[in-house]
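Number of protein chains: 2
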Amino acid sequence: MSIKSWLNLVSAITRLPGIGPKMAERLALYLLRHPGETDRFLNVLNTAREKLAYCPQCGDFVETDGSPALCHRCQDPDRGNEQICVVEEVGDLQALERSRAFHGKYHVLGGVLSALDGVGPEDLRINVLIKRVKEQSVREVILATNPTAEGETTATYLAEILRPMGVSVTRLAYGLPSGSAIQYADEFTLAQAVEGRRHFN
Amino acid sequence: MSIKSWLNLVSAITRLPGIGPKMAERLALYLLRHPGETDRFLNVLNTAREKLAYCPQCGDFVETDGSPALCHRCQDPDRGNEQICVVEEVGDLQALERSRAFHGKYHVLGGVLSALDGVGPEDLRINVLIKRVKEQSVREVILATNPTAEGETTATYLAEILRPMGVSVTRLAYGLPSGSAIQYADEFTLAQAVEGRRHFN
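Heads up: the protein sequence lines correspond to chains A and B, in order. Count along the first sequence starting at 1, add 2, and that's the number in our numbering. Count along the second sequence starting at 1, add 2, and that's the number in our numbering.
Keep in mind that the hints were calculated from the coordinates and are not lab data. In this text the structure is predicted, and so the values were computed from the model without any measurement. Here a beta-carbon is modelled for each residue, glycine too, at the ideal position from N, C-alpha and C. Honestly, I wouldn't trust all of these hints.
Calculated Cβ distances over 10 Å to all of chain B for the following chain A residues [as the list claims (entries may be wrong)]:
(1) ALA14
(2) GLY20
(3) ALA50
(4) PHE104
(5) ARG141
(6) GLU142
(7) ARG165
(8) TYR186
Okay, the calculated bits of chain A under chain B, using three or more residues with CB under 8 Å as the criterion [stated by the list, open to error]:
(9) 28-34
(10) 74-81
(11) 176-185
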């Protein structure tokens with residue numbers, strides 16, 4: 003193929019996360035074959051890029067028309083400042099909100115520590131978290147990073163910083179996911195489910 | 003979440019083919035968090051939308067700076083006009099080219115007949131194909147639509163139109179894919195492999 007702008011488009015789409023070369027070709031074709039849909043997509047993307055900012059406190063998205071403001075959760079007087087739930091990304095926050103199990107404040111790190119990807123503590127929103135714990139009446143920090151090697155490393159790093167500050171540092175429970183089958187659970191999950199077993203009430 | 007432009011972006015991405023809601027959230031986050039990469043992607047997409055046109059004969063992409071021209075394959079004197087290989091989409095053409103098994107001309111339909119999606123013969127490049135067969139010295143039309151229900155319907159429809167025109171109408175062989183295992187082949191593929199069996203040379 004000597005069609006440069008087609009090849010460039012496919013390779014640009016392949017660089018997006020989780021998209022392989024076949025999927026990229028399919029998307030490229032769709033974007034070129036549906037000009038109306040593509041115009042709408044580009045409008046929505048541009049609006050989102052213009053309007054969305056980050057809450058300067060928790061790091062969640064906030065819709066803005068100029069000056070940065072706290073998000074609605076950080077401004078909500080019904081959510082106490084005693085508990086901060088630390089998550090990697092906005093999607094984690096949304097999933098926890100859907101569970102309705104947590105009613106405190108959040109803190110979005112914006113990623114995890116990763117030697118491989120060159121992400122160090124200065125790349126995450128850790129200083130803002132320390133400031134919040136120091137200046138607000140925080141009693142508990144729940145580390146809700148993902149149960150992955152990098153999530154673990156990040157949680158361990160944060161715990162070592164936060165514990166000396168006199169705050170209770172907790173972690174989400176590990177174990178069998180609801181609705182799963184023991185037969186098909188991986189060994190690490192099973193080991194953690196045994197280790198974390200509770201009294202049967 | 004009350005963040006409208008975020009929700010709009012995620013739902014616009016979900017409308018793209020093959021992308022579910024989780025993947026859409028991941029892509030939305032990526033596009034917002036990597037402004038430099040996103041700028042580059044938008045540039046490449048805009049260039050492709052501007053520069054790419056369709057070859058008026060075969061329907062493949064052709065890079066243009068104004069007036070529409072035949073693509074390099076349609077202009078290639080080493081490719082005879084005797085054989086036309088009819089494919090659904092540009093990606094099929096590219097896959098066949100990679101196989102180096104066909105050296106004639108192509109014809110991209112731009113889809114398949116689909117009652118479900120409301121795609122009729124007038125939505126595909128069928129009239130141009132008929133014109134080519136009528137006006138050029140075509141001896142064989144190879145129907146290389148996909149081995150799906152819709153691909154079959156489209157091939158049957160085309161064969162009924164083309165056969166009376168005195169042209170030989172053929173179909174790609176069905177059977178076991180190279181490197182596959184009989185044990186795991188589906189029953190239709192196996193039935194077709196038996197039906198289409200050849201003498202062992």
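Each hint tested on the structure:
| no. | hint | result |
| --- | --- | --- |
| 1 | ALA14 | violated, 4 Å |
| 2 | GLY20 | violated, 6 Å |
| 3 | ALA50 | violated, 4 Å |
| 4 | PHE104 | holds, 15 Å |
| 5 | ARG141 | holds, 27 Å |
| 6 | GLU142 | holds, 24 Å |
| 7 | ARG165 | holds, 30 Å |
| 8 | TYR186 | holds, 21 Å |
| 9 | 28-34 | holds (count 7) |
| 10 | 74-81 | violated (count 1) |
| 11 | 176-185 | violated (count 0) |
Against the hints set out earlier in the document, violations occur for numbers 1, 2, 3, 10 and 11.
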